[in-house]
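Number of protein chains: 2
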Amino acid sequence: MELVVPDLSGPVPISGSTRLYAVLGAPVEQVRAPSLLNPLFARLGIDAVLFPVHVEPDAFAGVLHGLTRMKNLDGILVTIPHKAAALRLADEVSPAAEVAGAVNALRREPDGRWSGENFDGAGFVRGLTEAGHLPGGRRIVLMGAGGAGSAIAAALLAAGAAHLTVCDPDAARLRELVARLEEHWPGRATGEADPPLGEADIVVNATPLGMRPDDPQPFSVRGLPPRCVVADVIMKPRETALLKAAAALGHPIHHGAHMLDHQLDLYRTFFRLDAPPGQ
Amino acid sequence: MELVVPDLSGPVPISGSTRLYAVLGAPVEQVRAPSLLNPLFARLGIDAVLFPVHVEPDAFAGVLHGLTRMKNLDGILVTIPHKAAALRLADEVSPAAEVAGAVNALRREPDGRWSGENFDGAGFVRGLTEAGHLPGGRRIVLMGAGGAGSAIAAALLAAGAAHLTVCDPDAARLRELVARLEEHWPGRATGEADPPLGEADIVVNATPLGMRPDDPQPFSVRGLPPRCVVADVIMKPRETALLKAAAALGHPIHHGAHMLDHQLDLYRTFFRLDAPPGQ
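So the protein lines, in turn, are chains A and Z. Under numbering that gives the first Met the number 0, the letters of the first sequence match residues 0 to 278, in that order. Under numbering that gives the first Met the number 0, the letters of the second sequence match residues 0 to 278, in that order.
Calculated directly from the structure, the hints in this document are not laboratory data. For clarity, every value in this text was computed on a predicted model and none was experimentally measured. Don't take every hint at face value.
If chains are identical, the list can't say which one is meant, so a pair holds when it fits in one copy or spans any two.
To be verified - Below, a list of computed lysine to aspartate or glutamate pairs in the EDC-like style, where the Cα atoms sit at most 16 angstroms apart:
#1 Lys243 with Asp57
#2 Lys70 with Glu55
#3 Lys70 with Glu28
#4 Lys70 with Glu108
#5 Lys70 with Asp57
Please take these sequences and the hints and turn them into a complete structure.
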């Protein structure tokens, strides 16, 4: 007879001494940060909890202000649609966040100021590379010039993409992103109303289209060349309508989950999440 | 060989769909609400988490505003020193909260308004009664005219106390409390600078004195008549210096924990915490 020892190491119970982290989005049901970071806290023996916050854009500044005034709250994650607003409200931001025009993590510094960082781009490129889809030298089409799209654009060019075409129905924010990219990587990024799908090696959806069951697809996969990689940043559902359609036509696909999987170590370093002394 | 089956029913893991409750105080390390309500959520199979928020008085209004704008947050508990401020900021309050001048629970109503209730008084009197210290017909001295003190004053008079003397170094708030009590129970409550300990049947500490190791005691137990009951509302430490000193002189003592123990059912009803259908 074998004894199966159950894992009883579950979450640290929440008490008055528990430190706080929050993740803000609208909607927020799909965020995976709570199910990734809370088990990490438990593994490290850190008395902390990350909770999801559903906040609409008109209330974002007020909610963020309230969170930063909680003395036992140490960190904030920000997701769609608040990443650009978070950049404007941070006391200081990293160069990566500056270029991306978006912040997805805020940390309380020892002097009480809140500094913003962006890991979307680095996390996405790390995931893409580890899946064997190296962006270096490739022609890439990116749908969406919002927070995630901007961060991914900067990271793809930093990783050596030959050319990047960004598409977004908001002409003003598209123009602004291309201008920021042009400063750092002149001549390698353009903005287009219609995606040049026929020449793409990799196409990335960085719009929110695909989160809701009745969303239209961000583009038609029928115009893609054979072997073109189709990547999505949407994490829930894992198999978006776009990825299903691409897979049905034989395209290699890349799931949104990879972006966050590869951000976990980056978050851990940023939030200085070390096991307490003696563990 | 006996098989011991471990209880694996632990907390529901936190995900993006988890509903939120918060408890606000300064300090907040001592609050027991997280360790009482989170296990209750787990027992009922409710996907919700209560987290502690440390907020100083100058930031209370901003933090409360931010919390009420979180669309997935359903309830707020308030403890020292924010109960009077919570009354002012609630959209509507119950009669019990109105008389107490303090709110310790806020609930989001279906129309989006936030209504405030106060369970300190009812919880305290229920605990005192179940411990055999019936307040009816007794002469009672109450130290502290703040949020907890005001709520307890109203509940003690409602429960038939013969006379209540309230003491507080803040003369203005003491006068205001006695005026509110006088409206409902004329001639049965007075405010005094010095507690008339020699004639008391029950003395209640409703000040924060005793939470910190170097706090002075709220009054000297040496002046109490024999058999006078000494009650504290402080929950942590359980054995305050006051209760230790009273016990050493042979007085019956009543711990602060009873107040919250007897509030749990009241909170459950107020927040409409029922097991999901089918459980």
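Intra- versus inter-subunit Cα pairing at 16 angstroms for lysine 70 with glutamate 28: between (26 angstroms within a copy, 11 angstroms between copies)
Alpha-carbon proximity context of lysine 70 and glutamate 55, limit 16 angstroms: For lysine 70 and glutamate 55, the Cα distance is within 16 angstroms only across copies (8 angstroms; inside one copy 24 angstroms).
Lysine 70 and glutamate 108: within-copy, between-copy, both or neither at 16 angstroms Cα: within (12 angstroms within a copy, 28 angstroms between copies)
Intra/inter-copy verdict for lysine 243 and aspartate 57 if alpha-carbon distance must be at most 16 angstroms: This pair counts as neither: shortest intra-copy Cα distance 34 angstroms, inter-copy 52 angstroms.
Homo-oligomer pair classification [aspartate 57, lysine 70; C-alpha up to 16 angstroms]: Intra 24 angstroms, inter 12 angstroms, cutoff 16 angstroms: inter-copy only.
Against the hints set out earlier in the document, a violation occurs for number 1 only.
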